[in-house]
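Listed in order, the protein sequences are those of chains A and B. Residues 96 to 341 (our numbering) are what the first sequence spells out, left to right. Residues 17 to 169 (our numbering) are what the second sequence spells out, left to right.
FYI, nobody ran anything at the bench for these hints, they're computed from the structure. Heads up, a few of these hints could be off.
One side of the interface only, derived from the structure: several residues of chain B facing chain A at Cβ under 10 Å [claimed, not checked]:
hint, residue
1, T42
2, P82
3, S83
4, F99
5, T102
6, G103
7, R116
8, F132
9, Q147
10, P168
Where is the CB? At the ideal position from N, CA and C, for every residue including glycine.
The lines below spell out each chain.
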Amino acid sequence: MGGLAHYIEDEGIATTQISLIREHTEIIKPPRALWVSFELGRPLGVPNNPEFQISVLKHALQLFAVRSGPVLEDFPHDAPDSGSAPAQVACPVNFSHRPAATSLVGQLTEQFTAEMDQMHSWYDIARKKKNRTTGVSGLSLSNVVRLLTGFIEEEIRTSLIEDPALPDKLRMSCEDIKAYYFEAVSAQPGQPTDSRSLADWFWGETSAALVINRIREICLEDTSGKLALHGKLLLVPRSQMHRFTG
Amino acid sequence: MTRLSSYSESERTHLLRLPCPEFKSTPYVQAPSLVKLKVAVISTAGLHLKDDRPFGFGESDYRLIPSATPASDLVMSHISTNFDRTGFQMDLNMVFPLDRLNELAREGFIGGVADFHYSFMGATEPQQMEQAARNLAGIMKKDGVNSVILVPV
Numbered sequence: 096m097g098g099l100a101h102y103i104e105d106e107g108i109a110t111t112q113i114s115l116i117r118e119h120t121e122i123i124k125p126p127r128a129l130w131v132s133f134e135l136g137r138p139l140g141v142p143n144n145p146e147f148q149i150s151v152l153k154h155a156l157q158l159f160a161v162r163s164g165p166v167l168e169d170f171p172h173d174a175p176d177s178g179s180a181p182a183q184v185a186c187p188v189n190f191s192h193r194p195a196a197t198s199l200v201g202q203l204t205e206q207f208t209a210e211m212d213q214m215h216s217w218y219d220i221a222r223k224k225k226n227r228t229t230g231v232s233g234l235s236l237s238n239v240v241r242l243l244t245g246f247i248e249e250e251i252r253t254s255l256i257e258d259p260a261l262p263d264k265l266r267m268s269c270e271d272i273k274a275y276y277f278e279a280v281s282a283q284p285g286q287p288t289d290s291r292s293l294a295d296w297f298w299g300e301t302s303a304a305l306v307i308n309r310i311r312e313i314c315l316e317d318t319s320g321k322l323a324l325h326g327k328l329l330l331v332p333r334s335q336m337h338r339f340t341g
Numbered sequence: 017m018t019r020l021s022s023y024s025e026s027e028r029t030h031l032l033r034l035p036c037p038e039f040k041s042t043p044y045v046q047a048p049s050l051v052k053l054k055v056a057v058i059s060t061a062g063l064h065l066k067d068d069r070p071f072g073f074g075e076s077d078y079r080l081i082p083s084a085t086p087a088s089d090l091v092m093s094h095i096s097t098n099f100d101r102t103g104f105q106m107d108l109n110m111v112f113p114l115d116r117l118n119e120l121a122r123e124g125f126i127g128g129v130a131d132f133h134y135s136f137m138g139a140t141e142p143q144q145m146e147q148a149a150r151n152l153a154g155i156m157k158k159d160g161v162n163s164v165i166l167v168p169v
């Protein structure tokens, strides 16, 4: 981010930026930066809180009035939902039948598709309420499910692996599934909105997470070189890997 | 919060080891007064229109986001899985605060908002994005943009 600021400012346009990792900004020294104590992925602090977001923006924009730089200032407030312990996602959908991580593919697929069905009404409500869904693969949900559950079955995987676009399709389909779950649960009243509670719920309780992890494991074993990066980095967050690797 | 001290040791170590470009000096343009700013947003969240090309690994180019784009038309194809996306799913302004900028323009805090905004995909090393960023600056100048707010993810 700070590198882009250097290049654009060097071409004659004044820049200011939000900084999420102060240590990086101290090294890169962009012209103007406002460090915020928010987590990665939430540079404006907290969702659906226009007043707080405006405050962040005003602080960043006011750095344009500073006449010499580089300038790195600290935003004086933490995000309103920070500092509290993760809350339990009280999902009315029953996840108590999540199979063991080592369960047979058929059982895992069955539980995953049952979960998807149970979440669908909430997902529909979320989509209507927000007038958007953030799925990115361009595939229909049924095709996303077909791809992911097919990939974990050896016989079907053999045909899928011929597709040169498979790595991107897999990555984005996994993102689509996470978006589906998170959007669905966010439509339910009284759910926590902090990322840790939601991530702990998804990765700790759902069969979808087990499917994604199974895909990660298969990618790690890939010898073609096309999928190894996915297995190492692109499917399961480092902060949740302990659930699967002990 | 993301003070590094709040991360697990492995996560902290990973973040501190990420390569950061170093520059001999920092360019510094004197900005117009706030009420004369025409501001464009550059995000590194890997945002793009639904029917535009998704970002891939190592991609150094940017995607164009017209100012009138509704939230329902924007998606995120950033390759990293190590940051929160739920904020973006709940509220686009969490990563792309165009509504907030328009509100600031309406109240007269800034002069205006650009007609076009842009997104890179921040997992690419910044040096690889240099040419695209410099080209983009030329385009923005022709569009009358005199200030940019960069928003990471």
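Quick rundown of the hints versus the structure:
Contact between B:T42 and chain A, as hinted, is supported at the beta carbon level, the nearest pair being about 4 Å apart and thus within 10 Å. Contact between B:P82 and chain A, as hinted, is not supported at the beta carbon level, the nearest pair being about 16 Å apart and thus beyond 10 Å. At about 16 Å, the closest approach between the beta carbon of B:S83 and any beta carbon in chain A exceeds 10 Å, and the interface hint on this residue is violated. For B:F99, the interface hint holds, the least distance from its beta-carbon to any beta-carbon of chain A being 4 Å, beneath 10 Å.
A least Cβ separation of about 5 Å between B:T102 and chain A falls short of the 10 Å threshold, and the interface hint therefore holds. Interface restraint check: B:G103 against chain A, minimum CB-CB distance 4 Å, threshold 10 Å, status holds. The closest approach between the C-beta of B:R116 and any C-beta of chain A is roughly 5 Å, which is under the 10 Å cut-off, so the hint is satisfied. With a cut of 10 Å, the hint placing B:F132 at the interface with chain A is violated, because the nearest CB-to-CB distance is about 14 Å.
Contact between B:Q147 and chain A, as hinted, is supported at the beta carbon level, the nearest pair being about 9 Å apart and thus within 10 Å. Evaluation of the B:P168 hint against chain A yields a held restraint, the C-beta minimum of about 4 Å falling below 10 Å.
Comparing the model with each earlier hint shows violations of hints 2, 3 and 8; every other hint is respected.
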